Every structure is written in structure tokens, then in C-alpha cells.
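Participant: Next come the chains, spelled out residue by residue.
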Amino acid sequence: GAGVSQSPSNKVTEKGKDVELRCDPISGHTALYWYRQSLGQGLEFLIYFQGNSAPDKSGLPSDRFSAERTGGSVSTLTIQRTQQEDSAVYLCASSLATDSSYEQYFGPGTRLTVT
Amino acid sequence: GNSVTQMEGPVTLSEEAFLTINCTYTATGYPSLFWYVQYPGEGLQLLLKATKADDKGSNKGFEATYRKETTSFHLEKGSVQVSDSAVYFCALKVFQAGTALIFGKGTTLSVSS
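Those protein sequences? They're chains A and B, same order as listed. Letter 7 of the first sequence, counting from 1, is numbered 7 in the working numbering, and no numbers are missing. In the working numbering, each number is its position in the second sequence, counted from 1, plus 1000.
Hints are computed from structural coordinates only; laboratory data are not their basis. There could be a bad hint or two in this list.
Computed footprint of chain A on chain B; a stretch qualifies when at least three of its residues, placed anywhere within it, have a C-beta under 8 Å from a C-beta of chain A [unchecked claim]:
(1) 1037-1045
(2) 1101-1109
So, partial list: chain B residues that the calculated Cβ filter (under 10 Å) puts toward chain A [stated by the list, open to error]:
(3) 1018
(4) 1049
(5) 1060
(6) 1062
(7) 1091
Owing to the predicted nature of the structure, the values given are computational and were not obtained by experimental measurement. From the three backbone atoms N, C-alpha and C, an ideal C-beta is built for every residue, glycine too.
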């Protein structure tokens, strides 16, 4: 079946602009995670959604970052007033549930470059 | 806090050599442990996992044993292939609903023929 998809695959934006990154999880997966992969910081957790519960935003690096998940499916990560340090690959993952026995399936990522 | 430390790369090996990538962790409670692999140009994939002490995860010839006494989860393969060239990430997840994966910084493996 279809895996996790993300769009766009690449995004180049000017400093100060807003960007939206999209994630389509695997159908039926209730848990959705956003991570960021950058050269200096490795893989970092950003935000997590589980069903209709309030999201866990503990990993968001600043209030310029926000995310929503509509209808328990598609998620959008928004970065306002982008800065050069936001340049990274943004990864989305989904899983059937949050228990450790359930694998997180990752999308191919969106490479964001802020010039 | 919870963290993962893995050996820094790059690791460069000849085909059929033995591979070890060290991974140690610090965690509150009893985490599940994972190895993820990222092949060039591809997304992260789960390679293997272990959910309790002394469990051995294995897949594609790779193995790792959950060692609680040494807080380690070292990845091993007896005979690497060129196709194993990738970045390998050790990760943990604390047994607590809603907690995301915590990753090590990744180890790049390059295998030459």
C-alpha cells in the first residue's frame, strides 16, 4: 500500500517568507510525528499528534513553528518568517499507535533551503 | 534526560568485513531500542528493534542485543556488502504514550568492493 508522502520534496525560500510543508500519513495511522534532520543537530523531534488529543508541541524550536492535522489525517507544518537556521530536511512519520511495538514509518522528507 | 550516543563515522570497510556500530543510551524507565537506516536518496527505514532487556533484534543479516547492564544496543553484521552503504541511526522510545523517538546523530557506513 501507499506509504507516507510529503510535499514538496524540495523548497527554496527567501529569508522572512512563510512556508507550508505537507504530510499524508498512511491510511488508518492515528499517530503522526514531525522531525527535523539537520547537519548540526541530527534528527530532532518537533511535534506529535495522536488521534483527537491535543498535540505534543514540546519539540518545536520557536513560536514561528506550528502544525495542524485536519480530520485526523493530513498534517501541515508551517514555518513563519523563515530564518537560515531553519534550513533542514523535515521528516514526517506515522504509526498505528503510540506504543513502542508499533513501527514509525517515515516519509521521504522535504528539503527546505532558506536563502 | 533521555539520550542516545553512537560512534561517529564515517566507517569505511571492505566488502565482507565485520561491522560494529556502537550505541549507548541514557533513559528514564525502560525504553525500546531501534536501529534505523537511511540509504542514499531514500527515507528512514526501520532496520530492527528490541523492546526489552536481552532481546535480540535482527534483519538483513544485522543484529543488535538490548544490554541493560551496559545500556547498549550495538549494531553488528558479520559480512557487509556494498549495498549496506548508508547512514545508520540508533534510537530509543520511552515506554510512555506519546513520546517520540530520540535519535543518535547517525553513523555513515561506506563499503567498497
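Participant: Given as covered by chain A, does the segment 1101-1109 of chain B meet the bar of three residues or more with CB within less than 8 Å?
Facilitator: This one holds; 6 residues, not fewer than the three required, reach chain A with a Cβ under 8 Å.
Participant: Would you check whether residue 1049 of chain B satisfies its interface hint, that is, whether its CB is within less than 10 Å of any CB in chain A?
Facilitator: 8 Å, holds
Participant: Going by Cβ atoms only, is residue 1062 of chain B closer than 10 Å to chain A?
Facilitator: Violated: closest Cβ of chain A sits about 16 Å from residue 1062 of chain B, beyond 10 Å.
Participant: For the segment 1037-1045 of chain B, do three or more residues have a beta carbon lying closer than 8 Å to a beta carbon of chain A?
Facilitator: Check passed, 4 qualifying residues.
Participant: Is the hint on residue 1018 of chain B kept, meaning its closest Cβ partner in chain A is under 10 Å away?
Facilitator: Nearest chain A Cβ about 26 Å off; hint violated.
Participant: The hint names residue 1091 of chain B as touching chain A; please verify it with the least Cβ-Cβ distance against 10 Å.
Facilitator: 8 Å, holds
Participant: Residue 1060 of chain B was flagged as interface toward chain A. Is the shortest Cβ-Cβ separation under 10 Å?
Facilitator: 15 Å, violated
In this structure, the earlier hints numbered 3, 5 and 6 are contradicted, and the remaining ones agree with it.
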